[in-house]
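J.: Work the whole structure out from these sequences, hints included.
Spelled out from the first residue to the last, the chains are:
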Amino acid sequence: MAVKETIEAKQQIASPQLTGAEIREKIRLFPWWTVGLIGVFVLTAHLILTRPSYQDAFNFIRAGVGVTVQTTLVAYGIALVLGLFTGLGRISHNVVIQNLGTLYVELIRGIPMLVLIFFIAFVGVPAGVGLLNQIGEWFSQIGLQLIAQPLIQLENSSVPMTTRAIIALSVTYGAFQAEIFRAGIQSIGRGQMEAARAQGMTHWQAMRFIILPQAIRNVLPALGNDFVSMLKDSSLVSVLAVRDITQIAKLYAGRSFQYQEAYVTLAVLYLMMTVVLSALVKWIERRVRQDERNA
Amino acid sequence: MNATHEMIQVINLRKKFGRLVALDGVNLTVRRGQVIVIIGPSGSGKSTLLRCINHLETPTEGEIWIERQKITGNQRQLNAIRSQIGMVFQHFNLYPHLTVLENVTLAQRIVRKIPKSQAEAIAMHHLERVGIADKARSYPAQLSGGQQQRVAIARALAQDPKIMLFDEPTSALDPEMIKEVLDVMLNLAEEGITMVVVTHEMGFARAAADEVIFMDYGKIIERATPEVFFSQPAHERSRAFLSQILSH
Chain A
1 MAVKETIEAK QQIASPQLTG AEIREKIRLF PWWTVGLIGV FVLTAHLILT RPSYQDAFNF
61 IRAGVGVTVQ TTLVAYGIAL VLGLFTGLGR ISHNVVIQNL GTLYVELIRG IPMLVLIFFI
121 AFVGVPAGVG LLNQIGEWFS QIGLQLIAQP LIQLENSSVP MTTRAIIALS VTYGAFQAEI
181 FRAGIQSIGR GQMEAARAQG MTHWQAMRFI ILPQAIRNVL PALGNDFVSM LKDSSLVSVL
241 AVRDITQIAK LYAGRSFQYQ EAYVTLAVLY LMMTVVLSAL VKWIERRVRQ DERNA
Chain B
1 MNATHEMIQV INLRKKFGRL VALDGVNLTV RRGQVIVIIG PSGSGKSTLL RCINHLETPT
61 EGEIWIERQK ITGNQRQLNA IRSQIGMVFQ HFNLYPHLTV LENVTLAQRI VRKIPKSQAE
121 AIAMHHLERV GIADKARSYP AQLSGGQQQR VAIARALAQD PKIMLFDEPT SALDPEMIKE
181 VLDVMLNLAE EGITMVVVTH EMGFARAAAD EVIFMDYGKI IERATPEVFF SQPAHERSRA
241 FLSQILSH
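So the sequence lines, in the order shown, correspond to chains A and B. The first sequence maps to residues 1 to 295 in my numbering. The second sequence maps to residues 1 to 248 in my numbering.
If you only want the chain B side, here are some residues facing chain A, beta carbon under 8 angstroms, derived:
(1) A80
(2) F89
(3) H91
(4) H97
(5) Q159
Just a sample of chain B residues kept apart from chain A, beta carbon distances all over 10 angstroms, derived:
(6) I11
(7) T29
(8) R68
(9) K70
(10) K116
(11) Q118
(12) A133
(13) K162
Just so you know, the hints here were simulated from the structure itself, not pulled from any lab data. Ideal Cβ placement from N, Cα and C applies to all residues, glycine included.
T.: What follows is the structure in structure tokens.
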């Protein structure tokens, strides 16, 4: 993006007649990689339009885009909330909350994501269901049948794999985003909190109205990048047999033995989604920086 | 004005940062309407004293009373008491994501629950008072340092404070902007607002202070009217300090 800005600036300054040095500079600064990227998309589109084997693969695999996008969106939303509260917990003055937050972040950071997905889906969720059953029993004993019954009747086997996948992704990314939020909050100078407290605001009012609005704006680009990462990492949930594009491509390849068609289509589909999202993140980043300059 | 009415009472205040003793047994009484200017070398504890008065720093020992309310160890009343004390910081600490008007209305609305239109009317009144009403829709970063500090003063005044605390309000300003801030402060002093000002501006101390307090090593060394303090300081350390800053 910095490259593009430089080019734009140069174009404004440049006189109609370009000198040789200016042309060389333009050629040097031109984002040639985008040409390569577009070439990949054009070539793939060409294959899909002209070859029936690619067309079959594309039509079959694209059915998974909905699951991939939906899984990512829901998990990302949950991770945002989880991350915000954990991030606040990490800088809390309450020793218990601060340590619980840190423990969560360190646990997640120390375990590979694939292993976490297996662990949360096959150990974490059953344990959680067991705990909810137990809580249901307690409610039942104190006579709150209305709350107790749905909790007791919850069964591990009735939790769909898609739900487990979403839980796994959001718990994992919640820890990453906690670190983003923590860094964002800590990037705001101490004077802001002091000014707010000196005006009689409570700690939470100061957080809500003064610190967080500034912190979140600062971390928007980082949060956007995390969304792109999560879209890619959502491919890992295919190990839970969730029918996202990766799983569907795997099924298609195994069934038709057309590995090349299946995986070229799969890779390009991810690439298209991430390129669009990255462009969006860069646009947000630029907006934030412009605001900073004007504000 | 009730001459015996004590606005701020500081009793045997001690503040330690680790092993460093920032305040070492400070006693201070400020009456309603008084303008007190605290001067002293850096590290003498003057800012710490000011920050203890509204509990931005928690005292290690001692008591602070605002009017008849004890502020030390009074967590429940702390926010209510703070909302009655305006504070102006060296680095302004305006809220950069809010407009000037929002800076001045926010605390009114969420702390004192004043409706928006009324809060804005109050804000405009105080912005006019500091001569910056035309910038109400601007963002802090679009203003000069002097303008920002005047907004910060308006923000504090909008709390309708019983006391105004100034923590080196002109130290971060370019020389040509110091006067516009000091002029506003002089006006406030003449209006009879209770003020405690930590500053290096001796001209302001002479013109506005009812009393000058000289601090060093965490203690109040001398307390006198500006006429007496600047012409015949009683203490040797006061004399040494004055000769250093007034010698050129």
